[in-house]
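Q: Spelled out from the first residue to the last, the chains are:
Protein chains: 2
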Amino acid sequence: MRRVHTMLQLPKKVEIIEVGPRDGLQNEKNFVPTDVKKEFISALKDAGLKELELTSFVSPKWVPQMGDAAEIVADCLDSTSRNIVLAPNKKGIERVYMTDCKAVAVFVGVSNSFNQKNINKTTAESLSEVLPLISELKAKDYFVRACISTAFYCPYEGKVEEDDVLALCGEFVKVGVDELSVADTIGMAAPHESYSLFSKLKDAFPDVLMTAHFHDTRKLALANILAALQAGVTRFDTSAGGLGGCPFAPGAAGNAATEDVVYLLHRMGIGTGVDLGELLKAVEVIRPHISRPIESTYFRLNSVSV
Amino acid sequence: MRRVHTMLQLPKKVEIIEVGPRDGLQNEKNFVPTDVKKEFISALKDAGLKELELTSFVSPKWVPQMGDAAEIVADCLDSTSRNIVLAPNKKGIERVYMTDCKAVAVFVGVSNSFNQKNINKTTAESLSEVLPLISELKAKDYFVRACISTAFYCPYEGKVEEDDVLALCGEFVKVGVDELSVADTIGMAAPHESYSLFSKLKDAFPDVLMTAHFHDTRKLALANILAALQAGVTRFDTSAGGLGGCPFAPGAAGNAATEDVVYLLHRMGIGTGVDLGELLKAVEVIRPHISRPIESTYFRLNSVSV
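Quick mapping for you: the protein sequence lines, in order, are chains P and V.
Each residue of the first sequence is one higher than the one before, counting from 35 in my numbering.
Each residue of the second sequence is one higher than the one before, counting from 35 in my numbering.
Among the hints, a few may not be true.
Since the list gives no way to pick one copy over another, a pair counts as held whenever it fits inside one copy or between any two copies.
[As the list claims (entries may be wrong)] Below, in silico cross-link-like pairs of lysine-lysine (DSBU-like), each with a Cα-Cα straight-line distance of 35 Å or less:
hint, residue 1, residue 2
1, Lys95, Lys46
2, Lys72, Lys174
3, Lys63, Lys236
4, Lys155, Lys315
5, Lys193, Lys47
Hints were generated in silico from the structure; no laboratory data involved.
Computed from a prediction, not measured in an experiment: that's the story for all the values here.
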């Protein structure tokens with residue numbers, strides 16, 4: 035039996051959404067000085083990253099690290115990047131309205147138990163709060179990104195059903211979100227699951243920006259990204275230095291590192307617009323303020339400081 | 035445009051060839067006691083590994099670590115596993131003949147420069163020595179495995195041409211080798227290259243056991259394995275604990291770790307016959323004798339000792 039083609043089905047170009055300044059930093063216990071955050075964001079933009087989660091308008095009582103969100107937004111907006119701010123609820127979105135930021139991320143977990151432990155609401159309660167807010171944001175012409183967490187596995191419930199993910203995403207698409215960022219929050223997905231879910235999502239929602247968000251907890255992030263590429267995904271959330279994780283998800287450490295993902299993509303001839311040398315400089319900016327070593331392979335092999 | 039299928043093309047079953055006792059240990063500077071090697075091999079077999087490179091009949095002057103090869107072979111053969119011994123040349127094969135071992139691995143690099151630095155012969159010189167030895171081995175009914183190194187990149191020459199790999203493999207197939215183990219010796223291959231080369235090799239040599247050998251130097255091993263699976267490869271060389279590398283290849287550290295590869299395969303529903311819990315016990319046997327920490331992700335997440 036001869037094969038018809040000897041090329042993987044891969045895109046020529048991919049967009050990287052840098053989540054380090056928000057998702058990467060939110061769990062750092064020691065407060066990172068606001069000026070360092072600004073320098074980090076600026077260095078990331080210098081490296082060619084054009085879409086970034088800058089910060090989060092979450093309660094400073096719960097996440098003191100994000101207490102400087104207003105100042106970050108005031109200083110870090112620019113007209114050539116998509117500067118996204120996370121806003122978990124009505125209060126957060128009201129704070130967004132007081133800024134010039136025009137791109138908002140909201141989030142909901144597919145799993146009920148996860149939502150309850152994370153934000154003390156069921157998935158349905160969470161949805162009924164957030165959907166009207168999205169309608170309002172869209173009426174005001176905001177870019178809206180919906181982050182769908184625990185789309186593969188839940189730390190409390192185990193395997194998450196694809197149909198539940200599709201149904202939840204459908205609710206967001208109905209109210210007009212621009213982007214779905216679908217996440218393997220605890221780094222449990224395997225490549226066949228990545229391929230299967232993203233194939234179905236791409237089929238079901240062809241007109242929405244479809245972004246895959248993988249964690250490298252079990253070292254499957256790059257294989258999952260390869261599978262998602264084959265399913266037609268051309269957008270990936272990553273975090274410079276592999277910073278981040280999720281404090282409410284046991285065992286969830288390490289977003290896929292931007293530099294490891296970009297290296298993989300470049301090696302396959304896929305353009306990202308990111309300069310890896312400049313990216314390492316951005317990682318160097320934040321490294322002294324992070325409580326654990328930078329474990330991304332590309333950084334370890336190429337940083338002049340290690 | 036609707037997709038026709040939403041499943042990756044994956045096999046149901048894969049064979050793992052454990053190279054830790056040979057490829058993994060050969061570069062350890064401190065001599066690992068022979069009894070420890072035997073215990074390691076025995077624990078690997080207990081974990082369900084059925085094909086293993088046990089040791090190497092290389093000159094003990096060059097590789098003192100393998101100086102106990104005859105004793106290893108005398109004690110570790112069994113009738114239910116394929117026990118392979120590396121023999122780099124005529125002298126080595128003569129030593130094999132003095133044992134009961136019936137499976138021999140020979141090796142040649144595709145790249146001339148690599149062969150010259152590695153064994154002080156051009157690829158052609160190396161071939162003209164080894165091909166008659168293989169004919170002899172086959173006449174005596176030995177299982178012969180040809181290890182093709184630098185099949186993707188050479189540390190001295192850069193990118194290696196696919197046609198050169200296919201031509202070299204063709205020479206081995208002509209003299210009747212049972213298996214080709216095609217290696218990314220310095221861990222430089224990217225998934226599209228893995229898919230492309232292995233698709234062509236599978237097409238060109240459908241009647242030979244085709245094995246892929248990846249290093250995790252740049253964390254691309256698992257993605258390369260995923261691509262090779264899609265190209266039809268169902269055999270992978272791996273090393274328990276990720277031991278090994280190549281002393282003559284700058285920057286070449288870390289075979290793909292057996293436990294990381296088996297975890298990936300099992301998560302995708304692909305059978306290997308390997309018990310991961312037992313495999314960790316084998317890694318524990320060898321760990322105190324290895325000069326660097328065990329860096330495989332599965333070991334770090336699951337070993338009771340770390």
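Q: Decide, hint by hint, whether the structure agrees.
A: Verification of the supplied hints:
{"no.": "1", "hint": "Lys95 <-> Lys46", "verdict": "neither (44 Å within a copy, 51 Å between copies)"}
{"no.": "2", "hint": "Lys72 <-> Lys174", "verdict": "within (27 Å within a copy, 71 Å between copies)"}
{"no.": "3", "hint": "Lys63 <-> Lys236", "verdict": "neither (37 Å within a copy, 52 Å between copies)"}
{"no.": "4", "hint": "Lys155 <-> Lys315", "verdict": "neither (40 Å within a copy, 43 Å between copies)"}
{"no.": "5", "hint": "Lys193 <-> Lys47", "verdict": "both (31 Å within a copy, 23 Å between copies)"}
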